[in-house]
Amino acid sequence: MLEIKNLHAAVDGTEILKGLSLEINAGETHAIMGPNGSGKSTLSYVLAGRDGYKVTKGEILYKGQNLLDLSPEERAGEGVFLAFQYPVEIPGVANTIFLKEALNAVRRHRGEEELDAMAVLKVVREKTKELGISEDMLKRAVNVGFSGGEKKRNEVLQMAVLNPSLAILDETDSGLDIDALKIVADGVNALRAPDRATLVITHYQRLLDHIVPDKVHVLAKGRIQRSGGKALALELEKNGYAEFAEAAA
Amino acid sequence: MSQKINPVENFVSGFEAIRATLAGNDLPWLDSLRRSGIGQFEDIGLPGPKVESWKYTRLRPLEDTTFRPVTLADREAYIDQVPTVLPSGLGCPRIVFVNGFMRSDLSCLDNLTEGVTVESLGAAVARDPEWVETHLGRIGSLEGQPLVALNTAMMNSGVVVHVRRGVVVEQPIQMIFIAGLTEEPVACYPRNLIVMEEASQATLVKLHAGLGVSAYLANAVTEVDVGDAAILRHYRVQSENMQATHLGSLHVRIGRDATYDGFGLHIGGRLSRTEVFARLEGEGGHCALNGAYLMKGREHCDNTTVIEHAVPHTTCSEVFKGILDDESRGVFQGRIVVHKDAQGTDGHQLSNVLLLSDKAEMDAKPELEIYADDVKCSHGATTGQLDETALFYLRSRGIPEALARNLLIQSFVAGALDEIKCDAVREAMMSKVVHWLPAKCFLAEEWTEE
Chain R
1 MLEIKNLHAA VDGTEILKGL SLEINAGETH AIMGPNGSGK STLSYVLAGR DGYKVTKGEI
61 LYKGQNLLDL SPEERAGEGV FLAFQYPVEI PGVANTIFLK EALNAVRRHR GEEELDAMAV
121 LKVVREKTKE LGISEDMLKR AVNVGFSGGE KKRNEVLQMA VLNPSLAILD ETDSGLDIDA
181 LKIVADGVNA LRAPDRATLV ITHYQRLLDH IVPDKVHVLA KGRIQRSGGK ALALELEKNG
241 YAEFAEAAA
Chain D
1 MSQKINPVEN FVSGFEAIRA TLAGNDLPWL DSLRRSGIGQ FEDIGLPGPK VESWKYTRLR
61 PLEDTTFRPV TLADREAYID QVPTVLPSGL GCPRIVFVNG FMRSDLSCLD NLTEGVTVES
121 LGAAVARDPE WVETHLGRIG SLEGQPLVAL NTAMMNSGVV VHVRRGVVVE QPIQMIFIAG
181 LTEEPVACYP RNLIVMEEAS QATLVKLHAG LGVSAYLANA VTEVDVGDAA ILRHYRVQSE
241 NMQATHLGSL HVRIGRDATY DGFGLHIGGR LSRTEVFARL EGEGGHCALN GAYLMKGREH
301 CDNTTVIEHA VPHTTCSEVF KGILDDESRG VFQGRIVVHK DAQGTDGHQL SNVLLLSDKA
361 EMDAKPELEI YADDVKCSHG ATTGQLDETA LFYLRSRGIP EALARNLLIQ SFVAGALDEI
421 KCDAVREAMM SKVVHWLPAK CFLAEEWTEE
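So the sequence lines, in the order shown, correspond to chains R and D.
Mapping of the first sequence onto the working numbering: residues 1 to 249, in sequence order.
Mapping of the second sequence onto the working numbering: residues 1 to 450, in sequence order.
Hints in this document: simulated from the structure, not taken from any laboratory.
Every residue, glycine too, gets a C-beta built ideally from N, C-alpha and C.
One or more hints might be untrue.
Unchecked claim - Here are the in silico distance ranges between beta carbons for each label pair:
id, chain 1, residue 1, chain 2, residue 2, range
1, D, 212, R, 114, 45 to 51 Å
2, D, 373, R, 177, 45 to 51 Å
3, D, 423, R, 54, 46 to 52 Å
4, R, 108, D, 164, 54 to 60 Å
5, D, 112, R, 114, 55 to 61 Å
Using the sequences plus the hints, can you model the full thing?
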């Protein structure tokens, strides 16, 4: 599904990722853990195609094609979804309109017929029910005045509606209480399927109690320092990241 | 067209040439009002950069183009379809002017509520000159206002709206001015008079629409008297053509417990300046002056407002949102004056501008002039660019860049349009905004459903 080879990326001329390699197969859930400043968010933005994140070396293959050739909207159309660490507020645009535009843009890209407002609303309502999200969140402007938990739930709702092949969750657990965390985790787990993959980026092990990964990677100093199974996360929780900070130094 | 001319001389000789044909030329009071207008104009001349309030706006088109006054023949221009703000299906009454003259065949004033008069200035002067004399020129001062003075000399058309005491008009009334359909540059001088008697209510929608491509000057003056406890919702759309010069000034008197709620949408015109002078003269009065402007090419749009709080316990609010693309230029000058006795004044002003191009330019000048000590006044002015993070967020959800930009622009402008209390007008204005947007936008219909 996703193959990252020797990725180097810079922001404002500073190299953040320094030779990161990673392979995720369909049906798998991987977790990337790492200390602050290790390059976790840079990786998620590079995958989603944000301007200003310059790949200087290496390549990313997604479903066999060069992901870096695609614009952010093309990536979304191809099934890449990034749940933001800090979802953006967009005053004046109702959530329903946003979801309709996004869903239809993605459907156009996939060669599917566009849905009218009623059909979109039906899909969205179904998903809100499944995710236990209150419907009045739909009428409000995108993320405006939402609590931290509501914003993250809104990300999961968008993910459910857009139905991606590769979901990347960037610190989706930050700032969530345990109930919100469960809702978000349930949403992510509901999407797990043999033809999909999930990349969970987090600082803490807690989220991984609810979204159980197949593989855990430690990212520090711009590279994957160690990979292992679920147990690696528990080990990190116990010992912290100090070991990797030194190892990379 | 490009050689230097003497504009003041031209305007004055234009006045002499048409004086005998102007409305009410047999009425001594009107003739003397016109003469004092042209006299003032001749004395002061066109406002130039040395005048502080004209620092950011130069009247170049008036310096190198001779505009002849419109004549009756210009009225007969062929209009295929009357441009409107509100959809014609709503059946709102309308009064239509073409090149400065009223066209009864395009107007529709049959269904007016009883107690409301809507007619052209010429008709009002002919029907009830005494009433017009007691109201005309009473709110818009000529002093130091050369453009008001020029309009006062030349005024030959425009709308007179008179809403009697206690009358509530449900349906919005549209005032439509069509221009740009002459072979050589022309000037027209609409003069509007709106008198809302005590406890009356009405919604007026004014449209200046430029058809065709010829240059013209619209020098409009509107005087508004909002009587005690009356409510006027006054919504304006300026959609002049790319060659047009639009110089409008609006003079409002607001009585006790009265509300003047004004909104201006500016989406076209080579050079435009809209001045609003509002004076709160009775306790409990409220004045809202809101607006949005969307400019491209080399268009220049100037909104200059002065709100005076003359008595205690009055409120005002201003929200202006601007979108400037290409090499366009925006000016916002907002002054709030709180007189010595006007304790308990509450005034808020906001100007936000998005620059879509490196070559676009904005000048914002908020001014609070406060002589009372117990007041709440604030102002804020920002100029920025489209939020790159928001743009990326939308694109990461599959929304193409052009559409994402449009969505953010619409969202930004909506911050001003939300101030419009009348749903039909707000929706109509949003659809005008959507049509302005650079690329085809898929959002038009749903947007208005919300």
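Each hint, compared with the structure:
1. D:212 <-> R:114: 45 to 51 Å: Violated: the Cβ-Cβ distance is about 37 Å, outside 45 to 51 Å.
2. D:373 <-> R:177: 45 to 51 Å: Since the Cβ atoms of residue 373 of chain D and residue 177 of chain R sit about 48 Å apart, the hinted range of 45 to 51 Å holds.
3. D:423 <-> R:54: 46 to 52 Å: holds (47 Å)
4. R:108 <-> D:164: 54 to 60 Å: holds (56 Å)
5. D:112 <-> R:114: 55 to 61 Å: violated (44 Å)
In summary, the numbered hints that this structure violates are 1 and 5.
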